[in-house]
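Asker: From first to last, the protein sequence lines stand for chains A, B, C, D, E, F, G and H. Sequential numbering of the first sequence, starting at 0, is according to numbering that gives the first Met the number 0. Sequential numbering of the second sequence, starting at 0, is according to numbering that gives the first Met the number 0. Sequential numbering of the third sequence, starting at 0, is according to numbering that gives the first Met the number 0. Sequential numbering of the fourth sequence, starting at 0, is according to numbering that gives the first Met the number 0. Sequential numbering of the fifth sequence, starting at 0, is according to numbering that gives the first Met the number 0. Sequential numbering of the sixth sequence, starting at 0, is according to numbering that gives the first Met the number 0. Sequential numbering of the seventh sequence, starting at 0, is according to numbering that gives the first Met the number 0. Sequential numbering of the eighth sequence, starting at 0, is according to numbering that gives the first Met the number 0.
Derived from the structure by calculation, the hints contain no laboratory data. Accuracy of the hints is not assured; some may be wrong.
To be verified - Result set (SDA-like, lysine to any residue): computed pairs, CA atoms no more than 20 Å apart in a straight line: (1) C/Lys33 with A/Ala65; (2) B/Lys33 with D/Ala57; (3) A/Lys33 with A/Ala65; (4) A/Lys33 with H/Leu86; (5) G/Lys33 with F/Thr100; (6) B/Lys33 with D/Lys33; (7) D/Lys33 with G/Met75; (8) E/Lys31 with C/Lys44; (9) C/Lys44 with C/Phe9; (10) C/Lys33 with A/Met75; (11) H/Lys31 with E/Lys31.
As the list claims (entries may be wrong) - Reference excerpt, derived from the structure (chain C facing chain E, CB under 10 Å, subset only): (12) Tyr27; (13) Lys31; (14) Thr100; (15) Ala101; (16) Asp125; (17) Val126; (18) Met153; (19) Val176; (20) Gly177; (21) Tyr178; (22) Gly179; (23) Ser181; (24) Phe182.
We treat Cβ as the ideally placed atom computed from N, Cα and C, and that holds for glycine.
Number of protein chains: 8
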Amino acid sequence: MTDNFEDLGFAKLDMSRRERTGVPETIYCAGKTKEQLVEIFKAFKSKNSPVLGTRCSAEQADFVRAAGLNVKYDAMSRTIVLQAGHLPRLNGRIAVCTGGTADLPVAGEAAAVAEFFGAEVDRHFDVGVAGIHRLFARLEEIRRADVVIAVAGMEGALAGVVAGLVEAPVIAVPTSVGYGASFGGLAALLTMLNSCAEGVSVVNIDNGFGAAALACRILRRTQKHD
Amino acid sequence: MTDNFEDLGFAKLDMSRRERTGVPETIYCAGKTKEQLVEIFKAFKSKNSPVLGTRCSAEQADFVRAAGLNVKYDAMSRTIVLQAGHLPRLNGRIAVCTGGTADLPVAGEAAAVAEFFGAEVDRHFDVGVAGIHRLFARLEEIRRADVVIAVAGMEGALAGVVAGLVEAPVIAVPTSVGYGASFGGLAALLTMLNSCAEGVSVVNIDNGFGAAALACRILRRTQKHD
Amino acid sequence: MTDNFEDLGFAKLDMSRRERTGVPETIYCAGKTKEQLVEIFKAFKSKNSPVLGTRCSAEQADFVRAAGLNVKYDAMSRTIVLQAGHLPRLNGRIAVCTGGTADLPVAGEAAAVAEFFGAEVDRHFDVGVAGIHRLFARLEEIRRADVVIAVAGMEGALAGVVAGLVEAPVIAVPTSVGYGASFGGLAALLTMLNSCAEGVSVVNIDNGFGAAALACRILRRTQKHD
Amino acid sequence: MTDNFEDLGFAKLDMSRRERTGVPETIYCAGKTKEQLVEIFKAFKSKNSPVLGTRCSAEQADFVRAAGLNVKYDAMSRTIVLQAGHLPRLNGRIAVCTGGTADLPVAGEAAAVAEFFGAEVDRHFDVGVAGIHRLFARLEEIRRADVVIAVAGMEGALAGVVAGLVEAPVIAVPTSVGYGASFGGLAALLTMLNSCAEGVSVVNIDNGFGAAALACRILRRTQKHD
Amino acid sequence: MTDNFEDLGFAKLDMSRRERTGVPETIYCAGKTKEQLVEIFKAFKSKNSPVLGTRCSAEQADFVRAAGLNVKYDAMSRTIVLQAGHLPRLNGRIAVCTGGTADLPVAGEAAAVAEFFGAEVDRHFDVGVAGIHRLFARLEEIRRADVVIAVAGMEGALAGVVAGLVEAPVIAVPTSVGYGASFGGLAALLTMLNSCAEGVSVVNIDNGFGAAALACRILRRTQKHD
Amino acid sequence: MTDNFEDLGFAKLDMSRRERTGVPETIYCAGKTKEQLVEIFKAFKSKNSPVLGTRCSAEQADFVRAAGLNVKYDAMSRTIVLQAGHLPRLNGRIAVCTGGTADLPVAGEAAAVAEFFGAEVDRHFDVGVAGIHRLFARLEEIRRADVVIAVAGMEGALAGVVAGLVEAPVIAVPTSVGYGASFGGLAALLTMLNSCAEGVSVVNIDNGFGAAALACRILRRTQKHD
Amino acid sequence: MTDNFEDLGFAKLDMSRRERTGVPETIYCAGKTKEQLVEIFKAFKSKNSPVLGTRCSAEQADFVRAAGLNVKYDAMSRTIVLQAGHLPRLNGRIAVCTGGTADLPVAGEAAAVAEFFGAEVDRHFDVGVAGIHRLFARLEEIRRADVVIAVAGMEGALAGVVAGLVEAPVIAVPTSVGYGASFGGLAALLTMLNSCAEGVSVVNIDNGFGAAALACRILRRTQKHD
Amino acid sequence: MTDNFEDLGFAKLDMSRRERTGVPETIYCAGKTKEQLVEIFKAFKSKNSPVLGTRCSAEQADFVRAAGLNVKYDAMSRTIVLQAGHLPRLNGRIAVCTGGTADLPVAGEAAAVAEFFGAEVDRHFDVGVAGIHRLFARLEEIRRADVVIAVAGMEGALAGVVAGLVEAPVIAVPTSVGYGASFGGLAALLTMLNSCAEGVSVVNIDNGFGAAALACRILRRTQKHD
């Protein structure tokens, strides 16, 4: 086990991850100072390595840009991307579905990360089970996906219903959307863990990144067998 | 407020409830001794008053029968009924739906209580959202009901999906069916409280009785306006 | 199932709901941008459809009004209403009761929504069980209601006491009013779910809207039988 | 601080507590072996000291009696008493109220302990708030008490309602009676802690002993001032 | 039961409480607008009735004073008092003890309320069990009290230790002081409910008011027997 | 959507699932009566359809066998299998790893279900992180798998460590193994949901079946692309 | 990292641990079959290696003895020991203190394990803080210990009070002793985690073994420096 | 027990602690006013006693410095130190390890406190188990420590893995780093309490101070035996 990490003191960066594994590096921006982010992005740029940051605030993004780094920031999904070198392409499609409008930031993070990792992503937003015809209207399209990411807050029933309707693996992402007895996403999390339909597994509340990373691991497996 | 209760020492019985309100009396059997139950049923019989007991064990029922009381016991729903005098009839239908087979005892309690209170009940069992076509196969029938009681454990998503498909009020009953992160029905309870569809309210976990009692209050309201 | 939703990208609006079901549309404003709200209200206005928004901040309301939309905003209940066309009228009365002064925003939301849906509403505020004579002073009036909505935080005992005193269905709304071991409304929620009186069901913490929507479903049922 | 404890190895007994403080000793029987209980009761008998045991099973009581000890056992309250010497008398009355029949074991423990400590006890059982006229029928009597112990499970609303109706201090005892979302008495505990009425404090779930011990401390204070 | 409440619309004030019961009225200021507070204090002043407000912010207090009301505000305990007429005096002493410095606001509230209700109060601050000699240094004084109020956050062990050392009733007030696994006072609350020493009961987290109100009920009982 | 379910009253069986989807049917035996199980297995036998039952007690299995059904029962994994017709074969390998010996029943269920669904399974038991060299000794083998199922109770750290060492998707199964603050598997569940390594998702506590079903969905996806 | 484990299939045994590290091996018996235990003990005997089993039931112990193994079983602490070869001796003393009699099984496990690991152990049982003079009576002796293990259920205040009185490190063991709001030891666990005194750390509920193992690690460190 | 505390009214300071016990005093700054901090630091300065403050905000530190006190403030660990007199030196090394960058403030507090108490500290930051080779790269160094402090948020698996790899006692510090189902550090806390490796104990969430204080107690024990 050789250590490929560059040690900035406050963080150890895996500069050769893409070369080694085909998977580019990602950074969790929340809790990092603006100065630390600049240093990190500069380190990747100097190696001509692409990098994506999640949970990046508009203020952080502005600071990074002001430092002369040519990054792309998406406010809705709070992702920041430094394009560099050549990104891998993955075969297969990921469908990202959401229960409601308020789940968009989490779904957006999932979609942005999956695309950064090389996957093709179909977005099916606002197809929650309270008006189930909206889901059926999209079903044929969703069934074409190799992996489905189901993002939902409040009652979180979307994942189980979808898993009963498709054959692909379903990754459920509970969101903290809701109030009162949603307890910050706990209700949706429990719903998803207790799904009666087979074929569902769950990541942490609001963890769009984790869902996308797992979905891409699945697609890479698919590839391996081609 | 005149007190119509007969005081047996261990319990105060409302002997004239049916005369006064049109609603016959019910008894929660769990936690009562066999001897206490016999005494209670005899008191009602002596007044020619009907009474229904919930959460009645087979052993309790045998003991009551052995004491010469002509009761009807249903093992699945754990209800015991002493027919006496004349029961009220309610206009309107109640649909009792369940997510899975294991929810039957709770659903059975709801149905038995509603029928004892005079309602007509349609049973739609095993129509959970994991195989949603089972629900759609019954939808037209469910839409005919004046009140829907949706009984479900595990993820508990049935109530919200049904509420999005019918116009009647939906009473959700979470059940303790499940394991692990169902936490004894807590997961289903939270799902139902966070339902995105309007028109749903929730009773305690496994409380089939409470759902039926509320459903019949609604039907009585309907009647009043006829 | 024909889809009557107008897709604004960030939301799918049910423009023909009132024509189809007699129930006008409502919008949950929290988490939507000011610009999105304007777009939504304009879409309804263009179809001459009424719409009510809940959880609307004063700032959101000001922005909508500044965009030239003739809406009515009520700061206490945080509701915003666009009157348009003809609203349905419902027979029957809803009594909205609160335990204390601090429950007013939730009770106000329930009352505003019920009135928007066409119901007649009686308000009985500050009748909590700590000074139970205040409740008895209003009891005769409350007994005239077809549905009672009982709104209470802290100990949340109001719903159970009321349900023991009236014959109408009681919809309990726990509120997040309180501190310490109220745990953001959890204490009141549990109290209400464990109500010893029959005839009570519960909606989410602070969900005045849900209580009103359910109450109106009940009134509509009543109507159907007239 | 002189140590008055007799050390049996498995327990240290305060043999001179009554002489020193006027308060006879009590023993928590649950979790002790039958043999240990016999040894404990013999030790007290040898000093002609009275002692009361709580949470005593019928089997434990039988064993103690079979060992030749002249004890009085009450199955309902699970208390066992060795009368010996002279018990103190306390001025003042304690009212023990319960919400329902199933709360009797806890209420019985409170009453037995209070009487053992020398207090006069009035029992008001089955006066829960779901049928509040039952409480009002007893109110004048309850108001005569110097301390009220309010024992209730499920929703646990009794304590707060009583505290709003009397001037005496109210000690609330939540019980584990209930099912589902009562979570073993947690719901009643939270209700009582959040009581809107002033003058209420709470002991542990099912802790009839603790309520009685505190009530008698209060009565002793009263005495001191006579 | 005659209603002595003055209805301000947003609140019902018990103007004759002091005359009727000897106990002056108190107001919970949190969640009330500044304008409402002024109206309330003016109503009491017009009847020459004293009133104490708890959880009063400095901003609220300034506004009330600016409205020409002659109130006394204490920033540490967040209490505001309108002196008027004649306050009752209670025999007996209350000892208010705290575990640490950070518990002072809650302890201060308890002390201020008890004094407003006419009790004599001894303050024993910063006597927590981590340095138990601090408690022993004050013990003789604490033993003179008729009621002990033990205020503590974090581990909350003070109440149980004190109850084992005094003969007076002990009212435990958990505080939200702490971090991490104190879970906003839950740890201290559970500690106190599980106290091994007899003679302890518990009020809500941070509820200094409730502890004082109960302590004064106990003192009044004492008086009654004089 | 044609309904292929055979309705036994107490259960609706999907008799043609294997023909339709290539996935044979499975039955959750817990909560079903022995007689119901016999009826279910006979129905499948009559159609020459294979079926696997999970959570099957030894008593249930004996009864089914006594009814003349030729089933294979495995006590450790509590699975019961009726071989019939032709089972599908899936390309790709699943590695099932466990933290400790006590996790074997859950891991066994996962392995049995995966094999029933046609997958090749490698078992790596007792490779928990407390003695991490045990995991490293197996690492090369585990890296050959297309999907890793990581089963662990108590601290549940296995899944995250494995995910950092392999490139395949990792399905984490928390188990209820442990005591005290493991809270029935909650600790392991939370650990797994908060995994710092990417590529992990989680199923319900003790849900070996769900992990296997999901793993096979992933393998089927792989196949599709071949 | 050479693997010294003997693989029995169901368990991997570290046969050379004592030789390698000076620490003899221990076995967690709960959840293992009687046959597995016999096999494990035989394996150790064949290598002349000592081994201690924790959480061993009387039935398990009888079976092991019946298999001809010369083990010593202690019913109170549920430990079973196979003496073999030469055990290490550790310098330094460990004081094991308990709050009450019911904590003895956990304290006994701690003491037995520490003695098996070679430490000298002083037992100070039933010195809980409700009668704090019992603790002071033992204080000088406790202060002589190099490590203090404080075992307590219910309120769990012992650890914090002791840590304020001694200079040695204190290892707190919450026990599941208690009822109601002790929530299976959660209350004691939280108390100990929130200890105001410095020098305390906490192991899992009822984990006497873990406390002893840690205490002996500390003593071994001491030795190293001699 | 002589009282060595200087009573400032709002706090009792142990001015002679260093002289008496060799351990200098520490202050918890959070929740204290700036003026109180100045008074406290002045009191220590006047006695030429060193003191360290934890949880000190930059604003508090500025104010103390502006008051002419020569203190050293470290923003990352939020510690403030007044050097005075002669600090003790401890033999032995403490290794402070963290899972990730975001755990630095807590780890920094632990390191600063340990150094203030006289220990030598090695820092091993960002060695979390998701990339376990980072830990192995540091293992030999970590093994040299006499006590290991393992600081980790999110899944919190670091402590258990380290304890399986070293022989020194391991003190685990869960941090509140994370989101969603980390529930403010609860997930990491539970992971650590359930550690399968022996030799681990746990302090409160984010309690770097407590871990250091305990580690130094252990080192002092070591010394005593030299």
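Asker: Now look at each hint and say whether the structure bears it out.
Answerer: Against the structure, the hints:
{"no.": "1", "hint": "C/Lys33 with A/Ala65", "verdict": "violated, 29 Å"}
{"no.": "2", "hint": "B/Lys33 with D/Ala57", "verdict": "holds, 19 Å"}
{"no.": "3", "hint": "A/Lys33 with A/Ala65", "verdict": "holds, 11 Å"}
{"no.": "4", "hint": "A/Lys33 with H/Leu86", "verdict": "violated, 38 Å"}
{"no.": "5", "hint": "G/Lys33 with F/Thr100", "verdict": "holds, 14 Å"}
{"no.": "6", "hint": "B/Lys33 with D/Lys33", "verdict": "violated, 29 Å"}
{"no.": "7", "hint": "D/Lys33 with G/Met75", "verdict": "holds, 15 Å"}
{"no.": "8", "hint": "E/Lys31 with C/Lys44", "verdict": "violated, 36 Å"}
{"no.": "9", "hint": "C/Lys44 with C/Phe9", "verdict": "holds, 18 Å"}
{"no.": "10", "hint": "C/Lys33 with A/Met75", "verdict": "holds, 15 Å"}
{"no.": "11", "hint": "H/Lys31 with E/Lys31", "verdict": "violated, 28 Å"}
{"no.": "12", "hint": "Tyr27", "verdict": "violated, 23 Å"}
{"no.": "13", "hint": "Lys31", "verdict": "violated, 26 Å"}
{"no.": "14", "hint": "Thr100", "verdict": "holds, 5 Å"}
{"no.": "15", "hint": "Ala101", "verdict": "holds, 5 Å"}
{"no.": "16", "hint": "Asp125", "verdict": "holds, 5 Å"}
{"no.": "17", "hint": "Val126", "verdict": "holds, 9 Å"}
{"no.": "18", "hint": "Met153", "verdict": "holds, 9 Å"}
{"no.": "19", "hint": "Val176", "verdict": "holds, 7 Å"}
{"no.": "20", "hint": "Gly177", "verdict": "holds, 8 Å"}
{"no.": "21", "hint": "Tyr178", "verdict": "holds, 6 Å"}
{"no.": "22", "hint": "Gly179", "verdict": "holds, 3 Å"}
{"no.": "23", "hint": "Ser181", "verdict": "holds, 8 Å"}
{"no.": "24", "hint": "Phe182", "verdict": "holds, 8 Å"}
Checked against the numbered hints above, the structure violates hints 1, 4, 6, 8, 11, 12, 13; every other hint is satisfied.
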